[in-house]
Structures are given as structure tokens and as C-alpha cells.
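6 protein chains.
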Amino acid sequence: MTKKFPQERIAVYPGVFDPVTNGHMDIIDRSVRIFDRVIVAVAGNRPQTIFTLEERINLLIQSTTAYPQVQVTSFEGLLIDFVREQQANAIIRGLRAVSDFELEFQYALMNQHLAEDIETFFMMSRSRFMFITTAAIKQVIRFHGCVHDLVPEHVENALWEKFHGQ
Amino acid sequence: MTKKFPQERIAVYPGVFDPVTNGHMDIIDRSVRIFDRVIVAVAGNRPQTIFTLEERINLLIQSTTAYPQVQVTSFEGLLIDFVREQQANAIIRGLRAVSDFELEFQYALMNQHLAEDIETFFMMSRSRFMFITTAAIKQVIRFHGCVHDLVPEHVENALWEKFHGQ
Amino acid sequence: MTKKFPQERIAVYPGVFDPVTNGHMDIIDRSVRIFDRVIVAVAGNRPQTIFTLEERINLLIQSTTAYPQVQVTSFEGLLIDFVREQQANAIIRGLRAVSDFELEFQYALMNQHLAEDIETFFMMSRSRFMFITTAAIKQVIRFHGCVHDLVPEHVENALWEKFHGQ
Amino acid sequence: MTKKFPQERIAVYPGVFDPVTNGHMDIIDRSVRIFDRVIVAVAGNRPQTIFTLEERINLLIQSTTAYPQVQVTSFEGLLIDFVREQQANAIIRGLRAVSDFELEFQYALMNQHLAEDIETFFMMSRSRFMFITTAAIKQVIRFHGCVHDLVPEHVENALWEKFHGQ
Amino acid sequence: MTKKFPQERIAVYPGVFDPVTNGHMDIIDRSVRIFDRVIVAVAGNRPQTIFTLEERINLLIQSTTAYPQVQVTSFEGLLIDFVREQQANAIIRGLRAVSDFELEFQYALMNQHLAEDIETFFMMSRSRFMFITTAAIKQVIRFHGCVHDLVPEHVENALWEKFHGQ
Amino acid sequence: MTKKFPQERIAVYPGVFDPVTNGHMDIIDRSVRIFDRVIVAVAGNRPQTIFTLEERINLLIQSTTAYPQVQVTSFEGLLIDFVREQQANAIIRGLRAVSDFELEFQYALMNQHLAEDIETFFMMSRSRFMFITTAAIKQVIRFHGCVHDLVPEHVENALWEKFHGQ
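Protein chains in written order, with numbering that gives the first Met the number 0: chain A, 0 to 165; chain B, 0 to 165; chain C, 0 to 165; chain D, 0 to 165; chain E, 0 to 165; chain F, 0 to 165.
So here's chain A without its partners, still in its complex pose (with noise of 0.2 Å):
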């Protein structure tokens, strides 16, 4: 039996990453069970993050340093045009809730049309990262709250900086 695959599989896991969260942090945990590689593409073309683009991919390398297969870069334009370029066989994506559900569904739907080949897997937040997200994580910091738990260390000391100075 030959097989038709690639032996390599290779998953892109798109994101702002503004900044990166427990919550994408066990996805990308997960990931690596059944990727080979998984690239982590920090989406350039954003305004108004908090972080640029060159602190949101140096915090992800802090936080993938346990990780061999995962690689961080940043990616412009269509991220079906990037997954390609990669030749990735697949794109990652968290679910945290309904909604979340149907807009990546619509991107799913259209990922489809433009890449016949190129597939799109879901994964499940867990229930405990299920409320995680970096509009309230930068909320809760702007006001001194504790984000401790809800994303790594070094990420924490970096919203502090961001937002308070030293």
C-alpha cells in the first residue's frame, strides 16, 4: 500500500496573539500530539494591538521553548496563501463558544472554496480556559486585577510593563 499523504504533517495555528494566553497555549499543547509541526502565524496586518507585532512572536518563542515542533512566525495576506506556502496540510483553530463557532464556520466555508485540500480542525477550548479572552485579560490588567493562571509568567510581567510601566 502506498500511501497518498504527506508522511510530514504539518498544521498552521493562525492567530493576533495579542498576547498569547493559557488558552492558546493548550491548544498548541494538544496540537503537537497529532502535528508533526505546528506553526504558529502571528497575524502582522492587526491595529490597535498593545503589543507589536515583534513582542507578540517573542512571547510566543518564550512560551513554545519546551515545544521542538513548534515554530513561531508572522504571516500578511491570505492565510490560505501562507498555509500553502508552508505546505502545511492543515489549519488549526479554538472553539470557546457559540459564536466563535459560527464566524470560524463562515472561514471555514471559505478556506474550503478557495483551498479544496487544505483543512480546517477545531478543537474545544477546555472548561477552564473557556472565558479567556485577551479583550478581558487586558482589561483585568489595565485596572492592576490578577491575571495569574490565565496566561504564562513572562507574559503576565509583560502586560504589567505594557500597562504600568516598571
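Hints are not guaranteed to be accurate.
Claimed, not checked - Below, a sample of chain A positions facing chain D; criterion: calculated Cβ distance under 10 Å: (1) Phe128; (2) Met129; (3) Lys137; (4) Lys161.
Claimed, not checked - Listing some non-contacts, in silico: residues in chain A with all C-beta distances to chain E over 10 Å: (5) Arg32; (6) Arg45; (7) Glu84; (8) Phe104; (9) Gln105; (10) Val139; (11) Glu155.
Because the hints were derived from the structure by calculation, they are not lab data. Just so we're clear, the structure is a prediction, and the values are computed from it rather than from any experiment. Even for Gly, the Cβ is constructed at its ideal location relative to N, Cα and C.
Assemble the complex: chain A is given as a structure, and chains B, C, D, E and F must be docked to it using the hints.
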């Protein structure tokens, strides 16, 4: 670098399959691009199916002859126990609608509770298969409607025979 | 300019109507503003209704005497076949909630698959009828609660008699 | 200033409780912070429960001994009539998911229609209890799975005995 | 029997149409089967459209030359006032997803409050157009992706010119 | 028996209130049946409101003169910190739709994470207020539509003056 995860990726795709539809076939077709082996697991313990467990398995076997990576089998008991026995890494589920999503979310969280190391991956139904449910197909066939394009041809024949004799 | 569509607009409003409620009556009242004829189609093939098919039809006929454009009849088999037989152009459905929406979406897509030329139109329930379901009404009546304002008066009487004798 | 509402706040927390879970216990625990008395009302008129009404009540009584403000009782008929008889001010309901929400919304609107002065309060399930349903728990126990952390210990024992004898 | 409603059925199909897509065209095509006249009403008062009001109208006029029953015009102010001025009987809206549904439900209830005699009819998007949003189309074109099959050909050309010059 | 919870039940009802509507008033009216004191907390830190913080507070004070238990105040920063400062036991939120529900669910879970002892209670909007949003009301007033029955009379006047001068 040494891999900490098994080389062979095995996914279980569970369901009642009463009978298999083109929607199911699409999920199978897309799963084998990522997984080395896909075990289609037919739930035995369901009341009021039109086809017997044996018939449901046979219709699936006939539908998947083109996929050497696919194995069709029945299961009883907790899905998560079956997945373990098969030494599989993942569960595959198709999503068609928000109502699917919510129920699947609860199942996925329960399965995470029971077995943290087994991952559930969700795939969105293609738009042209979104409205296919086995209940609708049985209703259409029962009243002599056409289900061509909705199920494999030999399944159409089996449905016809089941509802209207030869 | 020649019209390519029939002058007479005929809509089918299908349902179980066990029994007709003020929510149904509102949809009928609003349908006749657009359609020349509205055929209320009572599904015959349902188990466990409180009222027989004949009773459900009679309650509807009594409820619609003020509407000369409305015709009440039963149907068996596929709705789409019944719509064709009646040479109707459209199906009317009321929507109360997201869960209605999803199921109706699947039905509408299946009906499009079976008959591209027959259109389903959805009307949102008025807010004051949003919570009326035949199941809730039967539950309330069963325990001697008041369903005035929720069903036509003769339906209230029929419900009372059905549950509590004369 | 004279108060126009009763000094004592009494809430009814209705359900089937077949059996009581840690999700239910969490709602009870949070309700007693606001209400002077919480009446857990066990629905008697349900077919196909695993535990008899008496057993369901006893499991709840054992689970709530630490709460002097909690009273466990059965009810028949319309919930709203029971609430009135108890001279309660409020109904408590837990919400886990969008599908819960929609059904509960319809119930709450119907109850408002029947009794404008009785208020329904909803509490969101804690994220760690979100996936607990009595159906899932019974399924897990049936196949010898572990429901520790999901139900109180004596309920786990009762479930085990019910499904697998001593 | 005398009719109490006008012989001519006129529907308003409002939107921003920045630009018109095949999803919009499908709704127009299906609307003219039931309504004698369909007025496509282009909202003028929107910030940040890619095409000017005049361009959006012209693209629609070019797209609807085959439909003598369709008239394209702009509107300002409350939709319900515009509908009255046009002596129309109905508003047409397309639905793609649950999130559309909820927002449209609120609009429809508000419009019922403002004008009880004007009816909103909803049509479900065909499954092959479900994922088409003007935002997605603009994103795809911006990065040189293909939107063939998603918009009429002259709209594709206009998008290309707008984003990438001739 | 000694009570372990404070005798006085204090709830915070937070919002932007730009301006207060009859939907908000209904929630206030229903809250005071259960809580000894209801603190209406007007969010100060919001861009692009039509009314200034002071105006929004004044419109609320005028609207709640009949309720001696209600206190209107502004808050800045994290809601949960404000609730603590006020020594309140609970947060009150109204729900109109599934999309409200999801966002509120995430807020409630985040607030549980930040302060386990403060409870969020949800009340479903009455059906006749379901479609009232401050955005819709401002849109209607802007184009000289009627918002009578949707907001208190003095709010209607204030809106009229704000949009159209005296």
C-alpha cells in the same frame, strides 16, 4: 530530537451511521489526509435504527473500499474506553450546526474529564452537505423522494429496498 | 413586459397544529397580506397528538372563518410533493428562537435540494407570542392554568374538555 | 420608609434531580448567599427516571445537610402554582449552554405570563461543571466509568448500586 | 369577495451592497417569484464603504438588467419610512447564520413596533452562498485571491480595479 | 441557627445606560423585589456615548425616584472591584438574546475567577422589551421616529433635544 508521541496517528470516527451518508463520507475522506488510520466505529447500542448493526457496518465497508487506511468496526460501552483499546490518539466529529456544536462541546469536555490525553477534532461539514441528516434522508426515501447525491449509490439502493421492498 | 411567474401567489403553511395557537393565527393573519391564497396544511402522520387529525382541522377551520383566502387541509408524505400538487409557490414558516432557526434552516436547504423553484419564507413571531408552544399550552391546561390570550377561545374550550371532560 | 416586599426571601429551585450532581450543588451553594430560604423542588411527574421520587429526595436531603436554609420537597402540577403555595418570591435556574438558555427563556416568559410577580433568576454554571448532565453521568456509570468529582460521594455509591448491584 | 390588500405586491430589499454578491443576487432572483416588484434599497448613510453610493447602485443596476421587476434606489433615514413612501408591503432579508438571525429578529420586532402593517420576510441563503460576506470578498480580492463564483463578473472587475488599479 | 451571610442584600446593576430604557427600568423594577438595595452603576469610561456620564446619571435618577432602594452612581475600573467596595453580594444582568448570553457567560466566568464570592444573577427581558437596544432607539429618534413606550417620557424628551435641538 526525539518524538514523544507515537509515529502512527490513529483516529476514531464514531457514529450510528443509519445509514452512512455523503456527509459522513466527506468527513472520512478529509480525515485520512491527516491520520494514518481512521477507525469508523459504529455504535451498536441504539434502539430504533432502520438498519441492523451488521447492515450498517456492511454499508460502510462497501463505501470505504477505496480507503485502505479506513477500518470499520462496532463498539459498545463508553467511546473513550473504545478509543483507548484501539490505542487511538484522537476522536473525529463532524459539525453541521450550532445545535451540534453545543452537544459536541459537552461530550468533548466530558471526554477530556475522563481521558485528558485523547483529543477530539472537529471538522465543519462542507456547505453542500450541511442539510443532510439521516432522519431527513429516511423521511425522503419513505415518501419516494430522491436522495441521489446525498448518499452513496449502494446505500440509496439499500434504503429503497428497506422501505419499499425490491 | 410579460410576467414569467403565475399571477396567483399561493403559500402552504404546514404544521401539526395540536392545537392551533394565537402564534399560528398571527402568522396566518400576516401571510394573507402577501399571498392570494394560504393553504394551512395539517400533518396527518404524527404520533401522540392530543387532538385527532379531524379535530385539529376543525379547530383551524373555526379559527379562520374570517379569512376567505385561507383553506385548511391535511397532508401526508413529503411536504414538497404536497406543495407541488397544490401548485403553490411558497412555504411559510414561523420562527420563534435560534433552535427553531437551525432546524428550519436544514429543512429549507433540503427542500431547495428537492425543489429549487419552491421558496420558503420565514416570519419572526411577534414578541408577545414568542413563548407560546403547543407543549407549554397543554401543560398549563393540564394543571388547570389559564391559556386565555394564548389560543382562540373555542380552542381553549376544546383543550379544557379534552383534559378535564365537560 | 416602609418595605413593600416580604422580609424573607424565598426561592424555589426546581428540577428532576435524577440524581443530584455537583452542578446542582453548586447552584444551591450560591443561592443560599442571597436567599433566606431555598426550596429544592423535585418534580414527581417524570417518566423513566433511574431513581424513584423518594430516592431522588433522599439523595438531595443527604447532600444538603450542611445548609439549614435548604428544604427539599416534591411538587406536582404547574411550577408557578407550587411557588405561590410556598409564598416564594423567586425561581432559581442554572444555565449551562445556549440550548438551555433558549428553552429557559420560553419557560420564563410563560411563567411571567402566568404570574407577573414571581421572578426567575438564572445563574451560569461554573466552567468546571459546564459539561455535567445527569444523562452523561448515567451513561458513564453504566459502563463502569468514573464520576468522582461530578456527583457527591453518596450519590456515586447510589448510582453504582443502581446500575451494578452491590 | 373583495380583497382588502393591494393587488400589487411590492417588497423592499435593503442593504449596503458594498458590493453586491452572488448571495444577494440569489435573494433577488428568489424574491421576484413572489413579489410583483422588488425595490433594492441601497443604504446611503454608511461610513467606510469601498464603493461610493453611486458605484454600489450602478453595480446593482448592471447586475439586475435581466429582472424588469427590480428597481434599484438609495435610501436615507429609517427603513420603515422608506418602505411606506414606496407603498411597499414587505421587507425582504436574507439569513445566513444564527448571528444574523438574532440581529434580524431584533430589527424585525422594532419594525413591527413602528409599523404593524409592514411585514418582514426572511429567506435562508442557499448553502453554496452561506459563507459569502462582503468583508470576506474584499479580504480575498485585496490579497489577489479569486472571487469568481462569489460575485457577478463585472463586480469582480470593479473590485480588482478598486484594489489593484487597472 | 445563625446566618452566615449578611442580612442586607445589595446588588449592583451595571451598564452604560446611554440612555436608560424601559428595558432597563423593568430589570430595576424586578430587582428590588429581591434585593434590599440596588446600586445602578453607570460605566464612565466609554467612548462615543450620546449623553455625558453626568447626563446618563441624571436621567437614571429621574427615572428611579419611585424606588427608595435604588441608588445611582458611576464607576470606573473593574466592575468586580466596584462591587467589593460597595460591599454588594450580587451583580444583576438582563438577557435579551443568545448573543447577549454568550458574552455575559464569559464575563460571569471571568468575574467568578476574580471573586468567587460575588454572584451574577441574570434576568430574562420581558418579551415586550426584547427588541429594545439603545442603538436602535438612537437610530429611531435620529430619523424622527417614535420611541414612546420604549423609554421613560423624560428620556424621550432628552433624546429629542439631543438630536434635534429644542
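Do the hints match the structure? See the list:
1. Phe128: holds (8 Å)
2. Met129: Where the cut-off is 10 Å and the nearest Cβ of chain D is about 5 Å from Met129 (chain A), the hint holds.
3. Lys137: violated (20 Å)
4. Lys161: violated (27 Å)
5. Arg32: Per Cβ check, Arg32 (chain A) is outside 10 Å of chain E; nearest 30 Å; holds.
6. Arg45: holds (13 Å)
7. Glu84: holds (12 Å)
8. Phe104: violated (7 Å)
9. Gln105: violated (5 Å)
10. Val139: It holds; Val139 (chain A) is separated from chain E by about 26 Å at its closest Cβ, greater than 10 Å.
11. Glu155: holds (33 Å)
The structure fails hints 3, 4, 8, 9 (numbered hints given earlier, in ascending order).
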